[in-house]
Amino acid sequence: MDSYLKLCKSFGLSTLQWEDPYSWMSSLNDKVAMCHMDIYMEQEEKYAEAVMIDTQRLQSKLQSEMASQLAFDLSTPPLRWGPWGKTAFVVDVCLSRI
Numbered sequence: 001m002d003s004y005l006k007l008c009k010s011f012g013l014s015t016l017q018w019e020d021p022y023s024w025m026s027s028l029n030d031k032v033a034m035c036h037m038d039i040y041m042e043q044e045e046k047y048a049e050a051v052m053i054d055t056q057r058l059q060s061k062l063q064s065e066m067a068s069q070l071a072f073d074l075s076t077p078p079l080r081w082g083p084w085g086k087t088a089f090v091v092d093v094c095l096s097r098i
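Residue numbers (the working numbering): 1 to 98.
Bear in mind the hints are in silico, worked out from the structure with no lab data behind them. Keep in mind that this is a model prediction, so the values were computed, not measured. Wrong hints could be hidden among the right ones.
Stated by the list, open to error - Computed cross-link-like contacts, DSS-like style, restricted to lysine-lysine with a CA-CA straight-line distance of at most 30 Å:
1) Lys9 <-> Lys61
2) Lys61 <-> Lys46
3) Lys46 <-> Lys31
4) Lys31 <-> Lys9
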């Protein structure tokens, strides 16, 4: 995985230059990169959980509060979009004739 992290791409626009150390994540057809993506995302998730362990009560409260504001029938089931799931909100609009 470290070798992928070291493969960063350089970009430039006019006088601006920057490097993207995570450019390997966009290689969706590269099975090795996608294997590393799974490992990287698991590590990232474990890190986030460890750092935010003290905020569990607040997270639960906010999640309940947000869930109470959403209607459950407004979103479609997740669709595959590359290796990710995509959810769309459906708005039911009735147009009356004038």
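Looking back at the numbered hints, which does the structure fail to meet, lowest number first?
Number 1 - this is the single hint that the structure violates.
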